[in-house]
Amino acid sequence: MGNSDALTEILASKEASGKKARGEIYGINGPVVTLLGDQGFQMNEMVYVGKNRLVGEVIGLNTEKTTIEVYEETSGMKPGEPVEGTGSPVSCLLAPGILDNIFDGIERPLSSIREKDGAYIERGVSVDSLDREKLWQTHITVKPGDVLEAGAIIAEVPETRAIVHKVMVPPDLSGEVIKAVPDGSYNIETELVTLRLKDGTERALTMCQRWPIRVPRPVLKRYSPTMPLVTGQRILDTLFPIAKGGTAAIPGGFGTGKTMNQHQIAKWSDADIIIYIGCGERGNEMTQVLEEFTKLIDPKSGNPLMDRTTLIANTSNMPVAAREASLYSGLTLAEYYRDMGYHVAIMADSTSRWAEALRELSGRLEEMPAEEGYPAYLASRLAAFYERAGLVENLNESEGSISIIGAVSPQGGDFSEPVTQNTKRFVRCFWALDKSLAYARHYPAIQWLSSYSDYVGDLAGWYTDNVSPKFMDYRNRMYYILTEESKLMDIVKLIGSDVLPDDQKLTLLIAKVIRLGFLQQNAFHKEDTCVPLKKQFLMMDTILYLEKKAKALVKLGMPVSVLEKFDIFDKVINIKYDVPNDKLELFDEYKKKIDTFYNDVLEKNG
Amino acid sequence: MAIEYLGLNGINGPLIVLEGLKDAAFDEVCEINVGSEKRLGRIIEIYHDKAVVQVFEGTEGMTLRNAHTKLSGHPMEIAVSEDMLGRTFNGIGEPIDGLGDIVSDLRLDVNGKPLNPVSREYPRNYIRTGISAIDGLTTLIRGQKLPIFSGNGLPHDMLAAQIVTQSSLGDNAEGEKFAIVFGAMGVTHDVADFFKRTFAESGVSDHVAMFVNLANEPVVERLITPKVALTLAEYLAFEKGMHILVILTDMTSYCEAMREVSSSKGEIPSRKGYPGYMYSDLASIYERAGIVAGCSGSVTQIPILTMPNDDITHPIPDLTGYITEGQIVLDRNLNGRSIYPPIGVLPSLSRLMKDGIGEGFTREDHQDVANQLFSSYAHAGDAQALASVIGEDELSDIDKAYLLFGAEFEKHFVGQDPAENRTIAQTLDLGWKLLGLLPKAELDRVDTKILEKYYRPTDPEEFEGALS
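Note that the protein sequences, when read in sequence, are chains A and B. The opening residue of the first sequence carries number 1 in the numbering used here; numbering runs sequentially from there. The opening residue of the second sequence carries number 1001 in the numbering used here; numbering runs sequentially from there.
So that you can see chain B by itself, here it is in the shape it has in the complex (with noise of 0.2 angstroms):
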């Protein structure tokens, strides 16, 4: 068996220093012994016989004397099955309910490898959240990631939960093995606890697997969290043909450890101190959606992050949004005027979109109303601002539309009920009766063809009874 070191050569943060190591390797995982505690490390960097590890239950406790280290041969890996679904796992994925270890001969690197771009399938089918604002504006799509950019104190996790229960148990799920894996990283008890009541009265508990690591738990720990989760989500979809939807949050959490973990290497910083390759680890991790060609099943995720301070310009939204395929913006205004879901209709995109509705997926004039719908919303801001400097009585007849307009559509489009699931059809035709708000020569973005077969003014003073 293996030889076991004693002692270390140098404790810094999470970070362990080993001298005299034989036949180590990069990226390799080692055990360490603590008193009667077992704990889990991985060497960051090696240099001859010595290595610099990071310990995955941080240091605490631990002196240069008391530790005994062990190789263990192979990078970080678990052990995957299909019995993993129903569990709940700790952010290394050992299991934490008490039902006894996972058996499995399979053992995967949580790593992964990068998915040949020539054996991915371009994602097509929709998934339909009954949400109005993503399924009509920013519509989600199989092997697609979309993260939600909330801020602290919005209500990103109900909207989390509403997406799983509705799409888990909507029409395009029929016949087809579905299930999520819910990794947390740094998140509190209530927010796991929240996740798992709604998980559990939504009757989908059997069809998810927890990898949580809460706020008071170890940093380093975190780092691994996605991985992991991910690792399992890619064998149940890629090798039991299941379509995974894949829940992380907070991915802030997941950031400030890696900047932790970075100063304590004594890197050098980048971007606010966040380390230069933050860009390449965030895209080791959002790249593990998507769909191989050949496999019936798919990776779908929808990773939260809560913006510091709701910027958007900060390094972590802006890494994300570059590697992501669209976001969903959480807005705080909409939230203070208790629109639920506070939707950011106009900086929200799904990439993706365009190829996954239309004729023969959705309808033949998503597309159309869609841009309308932006355009004129966007038109019904400008007329806001213009109103707020000089009043709304002194606006033209065009802009006083528009802004009523604005009004219903996000009270009516974007705000709905956390147990509302709409059809497709349902909120297209909300958003036609929207637009017939509008004069028909404003909408410039819808073919001709299809304003002749939808549009229909609407009497404003009718509007809400036309709704029912």
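For reference, chain A alone in the conformation it holds in the complex (with noise of 0.2 angstroms):
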């Protein structure tokens, strides 16, 4: 690991400068490895473990052994081989060159790795971070004389075309500067600032910090939530928002669109950078997001999308233990974005694939296991992980945000199962994806009644202040419409549909325009791939407006079947399609059309 381990010692902090523990494998089993007796690692510590020196972290310390679980595969480990510590814990880089970049669990660039070892990731492999040699183009902001907080920005660099990173004191520091280099290219390792601290010692600054990954980055306050996360997703954007700073979760049994899901929201959001966790998915997706990402182009910046977005890939069949971190790791890396200022949105796909390898771990260390082999901290593991979300005041009183859209994969997707059921206590959004809708090809197959949103109420004034006034009042109609149509499909599975009224016959009608019209959306298409806030909102208001005449219309008489004859259901289900997002003066035609159909039915058999 030599350059790595060079960098973790200029960059670990005080802690770094006692001595090193170390120790030799007793036993191996798995990713589990045991030391006997107390060698002197700390908790938490990262550990370089046997001749190949695999990455490694201490779990479980007590007088008789030591355990610590490996990030990599043990497979040709001996018992009696070396064990060293770093005497700092589990940590990320924190510098320019995160942002474009797809790692592993635990922040190794994969495409260094590839260079370094082809197509396949060896073990033990040993690259660096982020490049060292790269030269950023660095604007000070800071000069001797200036008293600085922990957090304040010493320093700004234009890390992609869409995103300006920001160079900052590490949140344990504080102090006068008294030294700072003029404007210019610098690498990650220059000294930029010197401080002097309260207690009267220097300290150099560079754009590197590192930050344990299981320790959450302070914050001066949080804030409730405000406004929303945009995602241009009918359904999430109208009926279940999620707040930015706030958190999600899709379940969905196999084949529902969870990924998919998660892939809109990462490319089609108003978050300024994205964090895409791969936990334990497939390499052909997050090739899949790799590739496209590079392709696609940020409707609101114009660069590319991986300009803003960051990976990290731990596919289901890379070492079970990276992807217990790799939750982490994407949490720290956001939170650093965070504290720039930025709202950072992460996708965690999937949450059940590292409540598996906590499971599996937990089994392992022969834990005692609760439901269904779980362990039973799997609840607050889960509540620590949500908790981190949230709309914030930096240390610099600039504010950030993080919201956390986590992927929930029940097993046999049935929701009662712990991970669903202790997910759902923690998360204020619940995007509950259904086999049937998915079999019928209705995307997103996001299920209406079994979902909620718990921030509609405190998005409520966001939207009346930036779309429109009725636009929840338009909602709640929709929702309500959407309601009375499942009451009504139980009886029609009983009796047909037939031998209702014409006013419930016209509430499913309405319902399905709303459904194929509205709710449906085509991920593949350009115009419907994402809608702005706009749009669904003249949408919604045209639906109403053919709902509220079609009703005048029954009140006077007229049959549905007569209705259902003219081609406007038609229509204004294709307004997704035919009405292009720049072209939404479109949409008066269709109430003229709208109009039209109420005198032509009214002429014809009035």
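Treat the hints as calculated values from the structure; they're not laboratory data. For clarity, every value in this text was computed on a predicted model and none was experimentally measured. Keep in mind that the hints are not guaranteed to be accurate.
To be verified - For lysine-lysine, the following BS3-like pairs were computed, each having C-alpha atoms within a straight-line distance of at most 25 angstroms:
#1 A:Lys-555 to A:Lys-583
#2 A:Lys-593 to B:Lys-1440
#3 B:Lys-1113 to A:Lys-565
#4 B:Lys-1440 to A:Lys-571
#5 B:Lys-1453 to B:Lys-1440
#6 A:Lys-534 to A:Lys-555
#7 A:Lys-593 to A:Lys-604
#8 A:Lys-116 to B:Lys-1354
#9 A:Lys-526 to B:Lys-1453
#10 A:Lys-565 to B:Lys-1022
#11 A:Lys-592 to A:Lys-470
#12 B:Lys-1113 to A:Lys-51
#13 B:Lys-1449 to A:Lys-583
#14 A:Lys-435 to A:Lys-424
As the list claims (entries may be wrong) - Now the in silico label distances, taken between C-beta atoms and shown as ranges:
#15 B:Leu-1006 to A:Pro-216: 36 to 46 angstroms
#16 B:Ala-1079 to A:Ser-450: 25 to 35 angstroms
#17 A:Ala-552 to B:Ser-1338: 48 to 58 angstroms
#18 B:Ala-1441 to A:Leu-602: 53 to 63 angstroms
#19 A:Ser-301 to B:Glu-1121: 25 to 35 angstroms
#20 B:Asp-1049 to A:Ser-450: 52 to 62 angstroms
Virtual Cβ for every residue (Gly too), placed ideally from N, Cα, C.
With the hints as a guide, dock the two chains, each given alone in a separate frame, to form the complex.
Set out below in structure tokens:
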């Protein structure tokens, strides 16, 4: 691990100066390695295990044995091989170069691994987390004499075309600037600014920080959510919105479209930064994200989506312990960008794989299992994970947020299993995917009756101010019609739809328009893949206007069978394709068409 | 030469315990001599000088005294070579066809290594199987892992054989080297014979390497069979540039073996007694499908598994579905109505299909036709359910049309002859003929332009005739 070892030494803070523990392997059971007795390691310390120097973490300590989980395949390792401590916990290196990159679960860039090892991932590979040679155009924003608090910004670096990286004072330091370099091109290890700390010592700051992945980065204050994370997906934005700084879970059996939904949100949501964690999922899917995001253009900035994205890929065949760590690595990267004042969205696909990794390790540690073999601390780990989301005031008084959208893969699609149930306790949005919708290829297959969003109340004000005062009324009306439909469908299933009175038939007809024309969204259609809020509102407006007019006709005694013959319903369903997102004035035509329809019906049947 | 250890310290099911080992490594293979017989084992747990070893051939006939163990110094390896095509091996890769050993300098670790996601190439090239339900609705893509979820007594073997025969001789195999690696875990003699015979009859025997662990052979051996098979597949695909189709049957036996070993080890069980690492273990098999960027070859997997009690939520199909890129589900109901292949269209899915079809690959209308067929067939199911409650006569005209569509769809689109090899165009045109049974206004999944171009109403009376 030559290079990154050296880097670790440079960057690790005070505690690294002490002596490092060493020991010898006693037992090996899959990814769990035990050492006899207490050999002086710290809890959660990062260690190098064996001759190949595989990365591991200390996860258990008592007087009899030290337990280590190894983040790489332990095949071929022998008892008696050395274990070497690093003196610091498993951490992420934070500096420019994180974006537009793909890492494994412990922040090793996969493209560097490929350069070194070829197509397959070898064990004990030593690569730097970030490029240490690359020169970044740096603009220094402080001068000698400035007094800086923790988190203060000392330099700005255009990291990608879309994002300016703000170099900050680490959260545990503050002091007076006594030296600063002029603007120029520097690598991430150049000393940019020297601080005199309160105790009189001097500390040089580079672009790098290290932060332990399991510890949340500090903030000044947490706010309650006030603005939505706009995703461009109608069913989410309108019916079940998630706030910036909010949490959501997408549970669904296989084939219901969890990953597809995550991709859509990652592509089109209005977050500044996307951290996409592929945790124990398919290799081909990560390749697809990588390919697509490099090609796709962000509608806001006009730059490739990868410019604002970081991928963490720990596919299902990569070692299980690193899968457990990958979620925390992603969170730490997200918190770092949040500290700069960005809105970050994390896609965790899938949290069930992470929970299974916990279960697998727990089993190897011979812990007492709770429900379905999961460890008893599953709930507290999930809580700790989702609680790292939030809209906050950072140490440097900027505002930033982390929204977490976690996919859940319940066994057999059964939502009563422990991971789904415990997740439900800690998230405020629940987007339940449904097998029968997926079978009928109704995408996104989010079941509107079993899904919910607890943010609707918090966000109502925002929608009123920024879209339309009628937005929430319309949303509630539409949701009401859908709920009515499901009640009526119970009757229809028993006796057919012919016997229903006309006003109820109309409810079914309008509900169909809502389902096909509004809820269904085609991710592969140029116009339909991402829809601005304004258009979502106008679509609702048109559908409900049609409902109003049709209702008036039914009141006048027109049978629904007559109304159905007019193609206005199909026209309204096709609005999503026929009205381009930048030609919203076309909606006026539809109102006229609905009026014509009203008059025609009256004329012909009046 | 290596030290030989005399005797054992314990035997428990397929596991043996050895003490006093020197320099033994985790996952190392050892050779155990029992009398004149040689067996292979793998170290699955090690504490200081004490190791737990899993014996592939089983522990029958072993005593604490009669075994001599030698450490090999490396993990499980097999010799690989192109000459292995056309040959038959046992579950741990030893030739059993009497044609002699495989001579090769190249020995590979059967565990493989995880493929770096940035080195993968996203699979885009479809494989024509000639089966409408697959080509049209769940298109198989080169580099994909697409399992067949079946049940006992359903014709999954016949379907797998048909896929192999037709795709290997199909139009997209031209000029490219194609081969099949067949791994059988715990299958009956009949099934093994069936495959051998079918491969011979269709003239592909020379391109098939068979790894066979029969139902009455040692359970632990089958834990290594898929890994051995995939090691050869990867070698042929990524070193020799061949397109490899890997058939693994039956994954259920594999998982049962895993459960057996896990329980002998005294591990804490998770669901239904299966070990907690079953997901990771299955992933280490299925994820070995794919295409490496810069290589001309590919590994495509069709694992077959029988769902215990036809239950798709059973841990084996469930975990498999979460790893593989879709699934083909066989339906007992269709089979009961003599429809072959009895592919349950609605729960079947190919995740990679969307990027490998359409203009430039198959035909511009492919995705639309597939979506519409799915949607209309789902509607037909609702109509069927309603009809069984209120009677067919009470249905509205439109529901009657759906009922007819559903029946014809199952009969002509899903159903086809085991020897019938349909082109993509035939499949799609057939789809349009069926959709023609429904009024145009009902086709809400099709782009308006495509609809104008392809939709023609079909007269129900003349439907049979229109097919020819």
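Would you list, in rising numerical order, the hints stated earlier that this structure does not obey?
1, 3, 6, 8, 10, 15, 16 and 18
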